[in-house]
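Line by line, the protein sequences give chains E and D.
To convert, note that position 184 of the first sequence is 184 in our numbering; the numbers rise steadily by one, no gaps.
To convert, note that position 668 of the second sequence is 668 in our numbering; the numbers rise steadily by one, no gaps.
Source of the hints: derived by calculation from the structure; they are not laboratory data.
Ideal placement from N, C-alpha and C gives every residue a C-beta, glycine not left out.
Possibly wrong hints are sitting among the right ones.
Claimed, not checked - Non-contacting residues of chain E with respect to chain D, defined by C-beta distances greater than 10 Å in every case (computed):
no.: 1; residue: I34
no.: 2; residue: R136
no.: 3; residue: R209
no.: 4; residue: T243
What the hints assert, rightly or not - Straight-line alpha carbon distances no greater than 25 Å define the calculated SDA-like cross-link-like pairs of lysine to any residue that follow:
no.: 5; chain 1: D; residue 1: K656; chain 2: E; residue 2: K38
no.: 6; chain 1: D; residue 1: K570; chain 2: D; residue 2: I7
no.: 7; chain 1: E; residue 1: K57; chain 2: E; residue 2: Y2
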Amino acid sequence: MYNFDVERPQSIADAVQALSREDAQPLSGGQTLIPTLKARLAAPSVLVSLGDVDEMKGVCMSDGGQLCIGGATTHATVAAEAAAHYPALASLAARIGDPAVRNRGTIGGSVANNDPSACYPAGVLGSGATVVTNAREIAADDYFQGMFTTALEEGEIVTEVKFPIPQAAHYEKFLQPASRFPLVAAFVARFSDGVRVAITGASNDGVFRWSEAEAALASNFSASALDGLSVDSTDMISDLHGTAEYRAHLIGVMTKRAVAAIG
Amino acid sequence: MPKDGGIGASSKRREDVRFLTGAGNYTDDMNMWGQAHVFFLRSDVAHGTLTNVDTSAAAEMPGVVQIFTGADFEEVGSIPCGWQVTDKHGEPMQEPRHPVLAHGKVRHVGEPIAAVVAETLEQARDAAEAISVDIDELPAVVNMKEAVQDGAPKVHDDLTSNLCYDWGFVEENKDAVNKAFDEAAHVTTLELVNNRLVANPMEPRVAIGDYSRAGDEHTLYTTSQNPHVIRLLMGAFVLGIPEHKLRVVSPDVGGGFGTKIFHYQEEAFCTFAAKACNRPVKWTSSRTEAFMSDAHGRDHVTKIELALDADNNFTALRTDTYANMGAYLSTFAPSVPTWLHGTLMAGNYKTPLIYVNVKAVFTNTVPVDAYRGAGRPEASFQLERLVDKAAHELEVDPIALRRQNFITEFPYATPVAVEYDTGDYNATMDKLEEMADLSGFDARRKASEAKGRLRGFGVNCYIEACGIAPSNLVGQLGARAGLYESATVRVNATGGLVVMTGSHSHGQGHETSFAQVVADMIGIDEGMVEIVHGDTSKVPMGMGTYGSRSLAVGGSAMVRATEKIIAKAKKIAAHLMEASEADIELKDGAFSVAGTDKSVAWGDVTLAAYVPHNYPLEDVEPGLEETAFYDPSNFTYPSGAYACEVELDPDTGEVKIERFLAADDFGNVVNPMIVTGQVHGGLAQGIGQALLENCAYDSDGQLLSGSYMDYAMPRASDLPFYEVDHSCQTPCTHNPLGVKGCGEAGAIGSPPAVVNAVLDAMRSGGKDVGHIDMPVTPARVWAAMNG
Ligand SMILES: Cc1cc2nc3c(=O)[nH]c(=O)nc-3n(C[C@H](O)[C@H](O)[C@H](O)COP(=O)(O)OP(=O)(O)OC[C@H]3O[C@@H](n4cnc5c(N)ncnc54)[C@H](O)[C@@H]3O)c2cc1C
Numbered sequence: 001m002y003n004f005d006v007e008r009p010q011s012i013a014d015a016v017q018a019l020s021r022e023d024a025q026p027l028s029g030g031q032t033l034i035p036t037l038k039a040r041l042a043a044p045s046v047l048v049s050l051g052d053v054d055e056m057k058g059v060c061m062s063d064g065g066q067l068c069i070g071g072a073t074t075h076a077t078v079a080a081e082a083a084a085h086y087p088a089l090a091s092l093a094a095r096i097g098d099p100a101v102r103n104r105g106t107i108g109g110s111v112a113n114n115d116p117s118a119c120y121p122a123g124v125l126g127s128g129a130t131v132v133t134n135a136r137e138i139a140a141d142d143y144f145q146g147m148f149t150t151a152l153e154e155g156e157i158v159t160e161v162k163f164p165i166p167q168a169a170h171y172e173k174f175l176q177p178a179s180r181f182p183l184v185a186a187f188v189a190r191f192s193d194g195v196r197v198a199i200t201g202a203s204n205d206g207v208f209r210w211s212e213a214e215a216a217l218a219s220n221f222s223a224s225a226l227d228g229l230s231v232d233s234t235d236m237i238s239d240l241h242g243t244a245e246y247r248a249h250l251i252g253v254m255t256k257r258a259v260a261a262i263g
Numbered sequence: 001m002p003k004d005g006g007i008g009a010s011s012k013r014r015e016d017v018r019f020l021t022g023a024g025n026y027t028d029d030m031n032m033w034g035q036a037h038v039f040f041l042r043s044d045v046a047h048g049t050l051t052n053v054d055t056s057a058a059a060e061m062p063g064v065v066q067i068f069t070g071a072d073f074e075e076v077g078s079i080p081c082g083w084q085v086t087d088k089h090g091e092p093m094q095e096p097r098h099p100v101l102a103h104g105k106v107r108h109v110g111e112p113i114a115a116v117v118a119e120t121l122e123q124a125r126d127a128a129e130a131i132s133v134d135i136d137e138l139p140a141v142v143n144m145k146e147a148v149q150d151g152a153p154k155v156h157d158d159l160t161s162n163l164c165y166d167w168g169f170v171e172e173n174k175d176a177v178n179k180a181f182d183e184a185a186h187v188t189t190l191e192l193v194n195n196r197l198v199a200n201p202m203e204p205r206v207a208i209g210d211y212s213r214a215g216d217e218h219t220l221y222t223t224s225q226n227p228h229v230i231r232l233l234m235g236a237f238v239l240g241i242p243e244h245k246l247r248v249v250s251p252d253v254g255g256g257f258g259t260k261i262f263h264y265q266e267e268a269f270c271t272f273a274a275k276a277c278n279r280p281v282k283w284t285s286s287r288t289e290a291f292m293s294d295a296h297g298r299d300h301v302t303k304i305e306l307a308l309d310a311d312n313n314f315t316a317l318r319t320d321t322y323a324n325m326g327a328y329l330s331t332f333a334p335s336v337p338t339w340l341h342g343t344l345m346a347g348n349y350k351t352p353l354i355y356v357n358v359k360a361v362f363t364n365t366v367p368v369d370a371y372r373g374a375g376r377p378e379a380s381f382q383l384e385r386l387v388d389k390a391a392h393e394l395e396v397d398p399i400a401l402r403r404q405n406f407i408t409e410f411p412y413a414t415p416v417a418v419e420y421d422t423g424d425y426n427a428t429m430d431k432l433e434e435m436a437d438l439s440g441f442d443a444r445r446k447a448s449e450a451k452g453r454l455r456g457f458g459v460n461c462y463i464e465a466c467g468i469a470p471s472n473l474v475g476q477l478g479a480r481a482g483l484y485e486s487a488t489v490r491v492n493a494t495g496g497l498v499v500m501t502g503s504h505s506h507g508q509g510h511e512t513s514f515a516q517v518v519a520d521m522i523g524i525d526e527g528m529v530e531i532v533h534g535d536t537s538k539v540p541m542g543m544g545t546y547g548s549r550s551l552a553v554g555g556s557a558m559v560r561a562t563e564k565i566i567a568k569a570k571k572i573a574a575h576l577m578e579a580s581e582a583d584i585e586l587k588d589g590a591f592s593v594a595g596t597d598k599s600v601a602w603g604d605v606t607l608a609a610y611v612p613h614n615y616p617l618e619d620v621e622p623g624l625e626e627t628a629f630y631d632p633s634n635f636t637y638p639s640g641a642y643a644c645e646v647e648l649d650p651d652t653g654e655v656k657i658e659r660f661l662a663a664d665d666f667g668n669v670v671n672p673m674i675v676t677g678q679v680h681g682g683l684a685q686g687i688g689q690a691l692l693e694n695c696a697y698d699s700d701g702q703l704l705s706g707s708y709m710d711y712a713m714p715r716a717s718d719l720p721f722y723e724v725d726h727s728c729q730t731p732c733t734h735n736p737l738g739v740k741g742c743g744e745a746g747a748i749g750s751p752p753a754v755v756n757a758v759l760d761a762m763r764s765g766g767k768d769v770g771h772i773d774m775p776v777t778p779a780r781v782w783a784a785m786n787g
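Chain D on its own, in the form it takes in the complex (with noise of 0.2 Å):
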């Protein structure tokens, strides 16, 4: 409407007033009374056999409570995996034990193999150094094409090799995908690096576990996007609690982005420590632990092949990629390199044969998982390097190549196994080519050189799967989970509501923009509106946060509920004014009657719910709650176009970022304000991808980014201003708020322009190199400009 406080209102982030004042309630805040609190003695090797863990000194220690080792855990099952990838021969993925905590064998640096629970966390630290611990070093595995040669060292002795799944997809393609290459006029290769990231939340992870012997009832406090499906994992699969005896709360939680998905050990160590040790008991992960213990994304290695006929028309895409897994499956990771990439491959393009063969591979590393974007930033990145890298071999437009390959009809049926429901990439093209001012980019090339700097221009578009998903879809293909969302819409007597929601908020303002769209449809003040999420005893079951599905699934399980709520409201007023339901109209907050001036309040129809002495008790229940659940029927296809300008220094080989443009279709939108903000973010991401971050273990499995002395994240000092744009929406046409979900793409879009525009700037400098891996640091663009 833009209204105050109503769909399309910028409105102001109502959790920010605690998250700013110091008032926010995180994990780490929450201490519990008679709390122990709990190290991890962790892995410093790589790879090794453990031989002996003797902990009879550490248990003299001052404060130690207990001392658990992977002994402890025998009996106890395996951290899961939530998803089962198939591979080309129609074989389940291997998939190994993973450990509450070490045994036989560590497998990464940071790996946990004891945890003493102590008094303090200086006693449990003191009495952990105590322990003597004999590890028989066994040659580390760290470089995945080495990893899946034969006689490589196992990183899981009962698996048949390092090789989790050689996945082909759509492997019946392949042939006529070999043929259509062979038959090209022109094939553009290409090979690179996606690297290796730390999610680097400003909260680190935290759980505290708590038992009541009362109940026999457990809670954990953890830091997670979706408490349910930690509920669930973690009780059914590890610890063996049935569901109505464990309680999982996630309260503010400062930021996730994809790491804090996953059911990790910690949570299920401090569950079940709370129980043997009858009382509470706490972590808080340090930085350092958060380096070698949360999930890292992406690592990929690619070789990517393009065929073109000879007007330029895409004719085929192959791809062969090595994802790595790390030392275990963590919970989605099979997902990532497959289903969450494999069907991105067709881009914005009508490229009709696409074949993606993708081998994910254990190392003697951390394990990878979901990361912002999770699978689509690889996807694009690949792609719109690819491109255009092909028209600079072409001699053409980068542009004009893409529109000529642009989709243009929808609903579009990819060759890799999705339906975009709808979309415009031309209008967001368009837009991005308003604002990019081309025509002005000469005189500033020349002001750049006129300094001794190279200026360069770079462009890409990109297209993602958000809204994840459908239910029965992911079953097939291999998830061990349902993806609907649910909400909870209870309305009290005097008309405020609250919506509880499976949704999770870990900074992305689900407080305001939910209570807008609730607001909205009934026309109150969305003050009235109170979202409450993150406990599995308030809201029911849901599975969270991620894959930018938030309003998309969980806003329209809310629109469902609601709709519920109108429709028997409408009842209650029929009754409330004597007249047809079939008549009632909701506008502005008031039930009316059509064609009459007959009209009641909102807060008199709530009332009347829960006072029901002038109430149709013989067909309508009294009360005002509803619980909808829903599963989309599609996955939601955010698109854009994406452009970013450098000023390259030649002599230092320092890229600094001077303008970077965003052009999004996100369909509607709800706050304009919070989407800029979520892509700002996303951008700040990509940005900190393609320049910065870089995760490097040496070939011994030694992690030589374990800290911010040397893992680089991106600062203001490193971003411009950016010039954002979400006015191109064509509005996703099978949810009820024709939203598409916008968390992500600033980071699956904006890499390849970046290193698009560094490549364009090396080019104007006379040196054409093809390509450069990420994150284009100086020392790299300087090796290049002089190799």
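The following block holds chain E by itself, in its conformation from the complex (with noise of 0.2 Å):
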């Protein structure tokens, strides 16, 4: 690591001013960033950290009926508290990585950082949510811009995301053998007005939704509505772990198989 100052910031207000000084940067559970850090990949000046900002934590149902999850909520409190209002999602939160990223990473540095192998990226798109920020709400299709890119500007931080509930949601997810972060995976949600469907780990471009898979559900909520439907693997990942052939094809396994778990 190189040398850096931290600063803790007890509401949103002192931490967007903090980061105002010169390559700040936000902390929040540090499970990417310090391995970053210690790799010596990045050089932030100033570490500014979400821990202590009170109003970013915690899970709670508004009286819109959307489930809205602090920023700096760890993936062990929404699996737990989630559970009750929306199950899949705290499924979701409950399969990342292990006890200790659970513990310590959150949904703001999930959502902030985009890995295009992340697990909350797909149940933020699939769910159709909205990334509010300390400046603006953001709907989470105009939000992911591809892998390692939002639509959040220099020194914006996320500070909760607002999920509608479906009328029924589930994730299913295949893991690459190593990291355990999903090759593949699908996040199907279904409304009472439409079906979404985000894939995460498959393409170069990041979470994606699949909207031909999104039509066919719409019309025929069953897995073999997506019997013939596949995606052109052109744009998706082709790694030691697998081919974009491979990719592909397990985009429509994974699918299929979230499908039917809803029944």
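Two chains, two frames, a set of hints: combine them into the complex.
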């Protein structure tokens, strides 16, 4: 690690203020950022810890029936406290990494990082959630803009994510054998007015919606509705753990399994 | 006996108390007064000419003590290789110089170029970033078959090619083998890869050099499986330090698996730098460094053929293997694909004619050397995949084909130079079949199919050569070391005793099982025996632990030393009881005179030895301490039969191991619980190789699997509850304990069973692909199913 200062603001306003310092960067659970710093792949001069910002923590239901999760809420907290309201999302959180990762890592950090193999982006996009920042509200469809790329501006922080609750949903993931991140995972959510299918792990462009599947499922919500549908492998990730063709194939399998699990 | 604490008892591992309560003393736990830290600047290119290494700016950085480059080591010896293989023309292998720090050229990603010694590790790392290194990149050679083509870039400019040696074994048999193939009724051919692995011990390597100006004495604390070997190699060949001025200490070591046998540059560097800087110098490998600096394992590419007659008897075997050496010859690298591999190609079978060809190749990759099993897993994988393939081609039962060709008479001299002393391959196969519930398999397969899964059953045998090794034999084969073992038994006045063994324990439980052996021989409580290892200043010159040799060779030395103790103690007891020495019997910790009720306790005799008031001083020296060196007369040959049952998901290609069964013959067993644990660990690594682990390079020599994000280690959830048996016991005929060794068996015996089971599952789904390479990942299975 290189040397850096640490700021520990107590409020969102103070955090935003602290982030205006040169080369400042937010630190949430540190599960991505700390290994990056240890490998000397980043050199922020100030780390602004969000860990003491209580207004960014917790899980609750809004009057409008949305599940609101503070940006600094850990995966473990979501797994426990969202279970009654949105079991599929709680189950997604419960299966990220290992207990140590879940006790530190946060939804805000995951969504801000937008790793092409991360779980939360699929949950957020698949639910049609809204990403709330210190400055604005961004629809999930506008928020994710490609691998490690989001709509966030410099110094903008994810303070909350608001999830509409679908009638039913399921997150099905196939593990990359080494990292145990998703090799490919599908988040399928059925709403009264349609179906959303978000795929993570597969694409060079990061998380994306599989619109053909959504259309097919909207008229016939069954795994067989996906028969014959396939995803073009051109933009899929190809690496040691699977070719683009394999990933394209797994998208179909994971989506069908998610649909079957919803029943 | 089985009794509390003796041979045959499952005594709890006494060392686990300290390991599990955080009281272990690992090398990184040690901190010397005034120590400095070293950071190695490592090459990030696989092959290139070092045109300039400028440390001037770095030297001015805060905390820097001294910076070293390859130029500082020009007068220092090469990291030596401990084994010289002679090729099929009778010529010695090509042996390149292996510098402590790269000089002139870099030859693999991770090779150290410069070393910064500083007050803190972070300061050393900061300064290393300020070193300016200019490298003219050269094309890298990664693929072995391309590396031996004419005109391929040379890893070492001063060698004639990238071919280290071309070994033929047994060269005189070659024509007869070829003739047998010409006359065969059936020939089965298989091409396969034995995947490159990273050992990944839980504790990364650590070295601390310490130097005392007062006595011109060097101490190296290091994570080694064999401190005396390091002392000899580093002292005599690299740094020129006489052994009496060099102490090597390997305290608790958190797993070795072979990769901590070898002498590494970092050890020589820390020892050298401690004197140069006149202060202790410490290096702790990061996991990232471990991936690119610990010697890797396996990495063979093989074509193997089996000739059978019309009755399905094996008539000849022929192999053609390329073995990756990496960029330099690690300590025992040349021996692994030759004497630890070619000599095992008979397996459990009476194939009369065998010819093994091995081409060892230099590439721009991390050196490759012994990893749990070393050569023997490569041999059994080829053979047991091949026999299975033959059975399917001939449409005969794979178990029956094996049984038909088993060696059944012992001793048995194989056509590949070794003589199996004893074994009973049908017994372990019978046991395996009993455990496997083969008659229930169809029902289990149907249950899997009802879930949309395919189920497969795979079996294999294995034989290995352990108890390494008869010194005169390995000397003829090119070893530059003896492979005896040593023990000193020091009895204290009040009867407790300390055993100093040249073996080293890095997880095997020696402190428990060795104590059981000595306690059993004397008939005292095992708690009265303390085992000391891992310090050249305490232990007689010994060769360390690898090759499942510790009990068979080190234990035998202990037995011999204890026999000497008992013989002397009987003389003292005879004097104390005024009886004839020939009439003295030792039982349950007491000496008695045969046919009388006279008896003296062990403690009375030991006290007399050190307080010799009433003592036969004219015949017997005071004291009770004996040393023995034991050199085995043969290898030991553990063997067994393994089976695996898998469920395969045809939609994703995922393979799940449902059952894994192991029936081993380890000869006599000292501590059954520890043996079971050793088999479990070996199986985890064998299954890891079969399903998960893969050290991959791209064509530029960049390591693709350089962290746990991409290198898949087996986890508990990947493994089934094993069913393990070691009740089949044909005791070794040539060592005093009748033991054979159990440390590597699991890793040697398990990969073929897994792959055979996967192929069986695929066949049941209508897809016969003949072979699939390890690791059998979901992506590979899916591609094979849909290819
Ligand atoms: C062993 C291991 C296994 C893992 N397995 C998985 C897995 O299976 N699936 C999965 O999805 N993830 C996995 N992760 C990643 C984990 O979920 C991380 O916690 C997450 O990706 C980042 O969250 P964090 O709170 O730790 O963020 P940090 O590491 O603190 O930050 C990550 C990045 O986001 C920025 N940031 C943090 N918070 C905010 C915010 N509120 N607003 C704006 N920017 C912010 C930081 O500046 C940094 O750039 C794993 C991690 C580890 C170490």
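Tested hints:
Every CB of chain D is more than 10 Å from the CB of I34 of chain E (nearest about 14 Å), matching its label as outside the interface. The beta carbon of R136 of chain E sits about 34 Å from the closest Cβ of chain D, which is more than 10 Å, so the claim that it is off the interface holds. With a cut of 10 Å on Cβ distances, R209 of chain E stays outside the contact zone with chain D, its closest approach being about 22 Å. Against the 10 Å criterion, T243 of chain E falls within the reach of chain D, whose nearest CB is about 7 Å from its own CB.
Taking the CA atoms of K656 of chain D and K38 of chain E, the gap is about 35 Å. The hint is violated against a cut of 25 Å. For the hint linking K570 of chain D to I7 of chain D, the alpha-carbon distance of about 22 Å falls within 25 Å, and the restraint holds. Under the criterion of a C-alpha separation no larger than 25 Å, the hint pairing K57 of chain E with Y2 of chain E is inconsistent with the structure, at around 29 Å.
Comparing the model with each earlier hint shows violations of hints 4, 5, 7; every other hint is respected.
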